[in-house]
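There are 2 protein chains.
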Amino acid sequence: MKRIAFVLVPAAILGALVLAFTTSVSRYATAQGAAPTFVKKIPAGYRDWKVVSVAHEAGDLNDIRAVLGNNIAIKAYREGKLPFPEGAIVGRIAWSYVSSEENNKVFGRDQSFVAGPPTETYLQFMVKDSKKYAATGGWGYSSFDKDGKPTDEAAMKACFPCHQAIKDRDFVFTKYAP
Amino acid sequence: MKRIAFVLVPAAILGALVLAFTTSVSRYATAQGAAPTFVKKIPAGYRDWKVVSVAHEAGDLNDIRAVLGNNIAIKAYREGKLPFPEGAIVGRIAWSYVSSEENNKVFGRDQSFVAGPPTETYLQFMVKDSKKYAATGGWGYSSFDKDGKPTDEAAMKACFPCHQAIKDRDFVFTKYAP
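Sequence lines, in order, name chains P and W. Counting along the first sequence from 1, when you hit position 58 you're at 57 in numbering that gives the first Met the number 0, and nothing is skipped either side. Counting along the second sequence from 1, when you hit position 73 you're at 72 in numbering that gives the first Met the number 0, and nothing is skipped either side.
Here chain P stands alone, though its shape is the one from the complex (with noise of 0.2 Å):
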């Protein structure tokens, strides 16, 4: 029983020092800009959180879209606060922009436009950590199709350089909706 004991002790000692230097090692890296830019996992519960604002993309993009933060986006955003605090996470819910034939016949002329089915990019999400995503402003981008498949690394490149053009307000286009 001494014996393996004393083999457990060490090892567990030895477990936390190889997670220290891993999670130096990896914050190091993503400094350097050359470790994770990009989330693949789509936050929890966000279909529940609170609306930042609303938009409609014409064009390529062709949809319409809720832009919602969790609590701690929302509460920054009502504050006026920037930048925004670690864990703030905006996200916005892209639905194609369809013509309403039903309330069009209402109204009896052509001027509804609703939410259809999802986007090819329905979810999106920016990630507050300014450690981890150090390299990209701060934030981690994050993008899905309606099955939850995250959008190819090639295409989440373009996220970052136009964000830049919006780094005065933390590098967020959407404005708060009051």
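For the record, the hints were derived by calculation from the structure and aren't laboratory data. It cannot be assumed that every hint is accurate.
Where chains are identical, the list cannot tell them apart; a pair therefore holds if satisfied intra-copy or between any two copies.
[Claimed, not checked] As a list, the in silico SDA-like pairs of lysine to any residue whose alpha-carbon atoms are at most 25 Å apart:
#1 K104 with D167
#2 K174 with D47
#3 K80 with E101
#4 K174 with R108
#5 K174 with V105
#6 K104 with M155
Since the structure of chain P is provided, determine the placement of chain W on it from the hints.
Below, chain W alone, put in the same frame as chain P:
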């Protein structure tokens, strides 16, 4: 003391009778379309409600809108249950539909339409109370400008006739966007 008690008890009974009678008359009047079908109070906390869907109304309305629901309404929507249960409230916030110069500059083309200032009928709600609003399909309608001022009653008379077109879905136009 005995005399006071004698007077008080019948007064309480009388009060209860008057209340019962008034309620009965009020319900009868409502059922005849002669009493309150319009709601004059903005539901507390509506801005924190969950998203039902989003839409763009072109034409005279020219708005972009978020349709939200209180917890009772959202639960019914998600379970696909009709009619909506008592206490359900469906709300919509309508912002003016504006082109975003800022976004368009980044995209390099005119494609981005966002939420601008509140419209004249900024907030609208349908409140489910089958008895109180029996004359209008069990829903009480309300509408407010950005300062919380109710829309005038003449205009409000158009709510129910229009929503009647969608009686099959319990008078609610907006479908839940998953």
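Margin query: Please sort K104 with M155 into within, between, both or neither, judging by C-alpha distance up to 25 Å.
Written below: between (40 Å within a copy, 20 Å between copies)
Notebook entry, point to check: Given a CA cutoff of 25 Å, do K174 and R108 count as a within-copy pair, a between-copy pair, both, or neither?
Noted result: between (31 Å within a copy, 20 Å between copies)
Note to self: Checking an output row: K174 and V105, CA cutoff 25 Å. Within, between, both or neither?
What the structure shows: Intra 33 Å, inter 15 Å, cutoff 25 Å: inter-copy only.
Note to self: For K174 and D47, with the copy left unspecified, which applies at a CA distance of at most 25 Å: within, between, both, or neither?
What the structure shows: The answer is both: 19 Å in one copy and 16 Å across copies each meet 25 Å.
Checklist line | Copy assignment of K80 with E101, given that the CA separation must stay at most 25 Å | finding: between (42 Å within a copy, 20 Å between copies)
Notebook entry, point to check: With identical chains treated as interchangeable, where does the CA-CA distance between K104 and D167 reach 25 Å or less: within a copy, between copies, both, or neither?
Noted result: Only across copies: K104 and D167 sit 15 Å apart there, 45 Å inside one copy, limit 25 Å.
Violated hints for the displayed structure: none, as all numbered hints are satisfied.
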